[in-house]
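Student: Each chain, letter by letter, is given below.
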Amino acid sequence: MVKQISVFLENKAGRLAEVTRVLGENGINIRALSIADTTDYGVLRLIVNDPEKAWRVLKDSDFTASFMDVLAIGIVDEAGSLSKTLGALQDNGVVIEYMYAFSGKSGDKPLVILKLSDNAKAMKVLAEEGVAVIDASEVYSL
Amino acid sequence: MTFYNERIETMSRDEMSALQSERLRALVKRVYENVPHYREKMKAAGLLPEDIKTVEDLPYLPYTYKQDLRDTYPFGMFAVPMEKIVRIHASSGTTGKQTVVGYTANDINMWAECIARELTSIGAHRGDIIQIAYGYGLFTGGLGLHYGGEKLGASVIPISGGNTKRQIQTMIDFGSTVLACTPSYSLFIAEEMKEMGYGPGDNKLKYGVFGAEPWSQQMRSDIEAKLGIKAVDIYGLSEVMGPGVSCECCEQDGMHIAEDNFIAEAIDPATGKVLPHGEEGELVFTTLTKEGLPLIRYRTRDISVLNDKKCACGRTTMRMNRVLGRSDDMLIIRGVNVFPSQIESVLLEFGGAAPHYQIIVNRVDNLDLLEVQIEMTPDMFSDEVRRIEDVEKKISHELDSVLGINAKVRMVEPKSIARSEGKAKHVIDNRII
Numbered sequence: 001m002v003k004q005i006s007v008f009l010e011n012k013a014g015r016l017a018e019v020t021r022v023l024g025e026n027g028i029n030i031r032a033l034s035i036a037d038t039t040d041y042g043v044l045r046l047i048v049n050d051p052e053k054a055w056r057v058l059k060d061s062d063f064t065a066s067f068m069d070v071l072a073i074g075i076v077d078e079a080g081s082l083s084k085t086l087g088a089l090q091d092n093g094v095v096i097e098y099m100y101a102f103s104g105k106s107g108d109k110p111l112v113i114l115k116l117s118d119n120a121k122a123m124k125v126l127a128e129e130g131v132a133v134i135d136a137s138e139v140y141s142l
Numbered sequence: 001m002t003f004y005n006e007r008i009e010t011m012s013r014d015e016m017s018a019l020q021s022e023r024l025r026a027l028v029k030r031v032y033e034n035v036p037h038y039r040e041k042m043k044a045a046g047l048l049p050e051d052i053k054t055v056e057d058l059p060y061l062p063y064t065y066k067q068d069l070r071d072t073y074p075f076g077m078f079a080v081p082m083e084k085i086v087r088i089h090a091s092s093g094t095t096g097k098q099t100v101v102g103y104t105a106n107d108i109n110m111w112a113e114c115i116a117r118e119l120t121s122i123g124a125h126r127g128d129i130i131q132i133a134y135g136y137g138l139f140t141g142g143l144g145l146h147y148g149g150e151k152l153g154a155s156v157i158p159i160s161g162g163n164t165k166r167q168i169q170t171m172i173d174f175g176s177t178v179l180a181c182t183p184s185y186s187l188f189i190a191e192e193m194k195e196m197g198y199g200p201g202d203n204k205l206k207y208g209v210f211g212a213e214p215w216s217q218q219m220r221s222d223i224e225a226k227l228g229i230k231a232v233d234i235y236g237l238s239e240v241m242g243p244g245v246s247c248e249c250c251e252q253d254g255m256h257i258a259e260d261n262f263i264a265e266a267i268d269p270a271t272g273k274v275l276p277h278g279e280e281g282e283l284v285f286t287t288l289t290k291e292g293l294p295l296i297r298y299r300t301r302d303i304s305v306l307n308d309k310k311c312a313c314g315r316t317t318m319r320m321n322r323v324l325g326r327s328d329d330m331l332i333i334r335g336v337n338v339f340p341s342q343i344e345s346v347l348l349e350f351g352g353a354a355p356h357y358q359i360i361v362n363r364v365d366n367l368d369l370l371e372v373q374i375e376m377t378p379d380m381f382s383d384e385v386r387r388i389e390d391v392e393k394k395i396s397h398e399l400d401s402v403l404g405i406n407a408k409v410r411m412v413e414p415k416s417i418a419r420s421e422g423k424a425k426h427v428i429d430n431r432i433i
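Heads up: the protein sequence lines correspond to chains A and B, in order. Yeah, the first sequence ends on 142 if you go by this note's numbering, and it's all consecutive. Yeah, the second sequence ends on 433 if you go by this note's numbering, and it's all consecutive.
Please keep in mind that the hints were generated in silico from the structure rather than gathered at the bench. Ideal Cβ placement from N, Cα and C applies to all residues, glycine included. Be careful, since some hints might not be right.
Computed from the model, here is a short list of chain A residues facing chain B with C-beta under 8 Å [as the list claims (entries may be wrong)]:
(1) E10
(2) A36
(3) D40
(4) V43
(5) S66
(6) K115
(7) I134
(8) E138
(9) Y140
Computed far set for chain B versus chain A, every beta-carbon distance over 12 Å [to be verified]:
(10) T170
(11) K425
(12) H426
Let the hints inform the model, and build the full structure from the sequences given.
Tutor: Right, here's the structure in full:
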């Protein structure tokens, strides 16, 4: 399971730059990120090389941050494979709360981050489907 | 006519002090004999009526609080039997029981004279047409101005609040010369007039008597320009009487207190110590002549500054500045009393400790808007926007049911609310800045 960090950001100039500055100055390398935003604020979700340290430095800089277990999966790089994987999860009652893609690859496979309603069940489904669930240590060091 | 009651309005400070002392002695005797609550409080303070000889002795008397009125709800502090009460008003009871005020015929007459003097002091007289767009009912605004206008001999239009188009039509067709309402409603009327195609020259208004909510100098200029009138500030609270406890004169340089009826003190709200004139403090009123519900040193929670210098208009009565704020941070939003403590109690339900918050009041298009900014805590935070929105909605809903008005909830980052001396400033009222 991969530890994702979520950070609360007000929707105003300079906040995103501030988070990345804090992380950068503390030697934290960002592996993947996504932002969900509203008019007033956004939630920045990050996969980083050292989640514990990232959480600590963000907290020290007065950000509200939290951990969440998410799955990183590698999917075959061809049309329809993501749809097939997501379909299998849905058929088995696992709800996808959100997802985003990763900039790197695991081997030749593009990576996708999934926030799911039931990680344990999802792992089983994914194993049955032959979808590679990527190990956290591999994700952090990509 | 420059004065309605020249003797009272222009008497020397010494004469006024002597008049107040005489009335104070009678008042203290009256409440001691007729109101058990006051008698108990005086006994507890070791005071007998004869201990109070002049206004100098006033600070010996214990304060009266809104809570005293609640504890004796509804009529427990009336000093006369019900056969003498001819009118009952009540103030909204958002934070507890409503506060009930009874008036005798003399009280109504005294109130009317206060207003008649004040209308005279701004330049109004017999022959003026006064449109009263304050609400009529339990609220003291409408009827308070009404009786004062009649007492003056002016023609009163008791149109009450709302129905703005008819308000404007009446104003133009009847040739109203004085408008009495809340300052924000006057601006609303001005804008509606413009939309109906009327300019400032189309109405005959000369004066506006505005009160019952905070407003700024900026807003005054705005109203005066848009309606082509002189706008004055009127002050009062139902417990003490209603509007007219004080009011600005044509000089617009502080509100003249009807001192033959009300003694004003400014005190330090924390220590209860009386402050010298000119210092900012909580206003405390003692009603000298009121029969129905006499008040001894009533804590208003309104912050202001007293000034006993003679006014350019010739009046010698004590003046008070525009109310600068509240010692209990109470806000009046769309006529509803809102206390920061109510908001804090709601926030406490969403986590162990109340997060830092700030209440911001803005006036947008003449409507008071309440925004509550809350610093995000780990308890309220989620990686999903939907869940954060759920928290916001829950807080907003709770605030709505506790306060009785709609509040916009906005989550902000930790430490983003300015702190002074480590304590967050809870209220920013942009209406009076």
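Student: Next, verify each hint and record whether it holds.
Tutor: For each hint, the structure was consulted:
The beta carbon of E10(A) comes within 5 Å of a beta carbon in chain B, closer than 8 Å, and the hint placing it at the interface holds. Taking 8 Å as the C-beta cut-off, the interface hint given for A36(A) holds, the closest approach to chain B being about 5 Å. Interface hint at D40(A): satisfied, since its Cβ lies 5 Å from the closest Cβ of chain B, which is below the 8 Å cut-off. This hint holds: V43(A) has a C-beta 6 Å from the nearest C-beta of chain B, less than the 8 Å allowed.
The criterion of a C-beta within 8 Å of any C-beta in chain B is met by S66(A), whose closest approach is roughly 6 Å, and the hint holds. The beta carbon of K115(A) comes within 7 Å of a beta carbon in chain B, closer than 8 Å, and the hint placing it at the interface holds. Proximity of I134(A) to chain B is violated relative to the hint, the smallest CB-CB distance being about 19 Å (cut-off 8 Å). Hint status for E138(A) relative to chain B: violated, with the closest Cβ pair at about 22 Å, above 8 Å.
With a least beta-carbon distance of about 18 Å to chain B, the hint placing Y140(A) at the interface is violated under the 8 Å criterion. Remark: the non-interface label on T170(B) is consistent with the geometry, its nearest Cβ contact in chain A lying 42 Å away (cut-off 12 Å). Every CB of chain A is more than 12 Å from the CB of K425(B) (nearest about 18 Å), matching its label as outside the interface. Every CB of chain A lies more than 12 Å from the CB of H426(B), the least distance being 19 Å, so the non-interface label holds.
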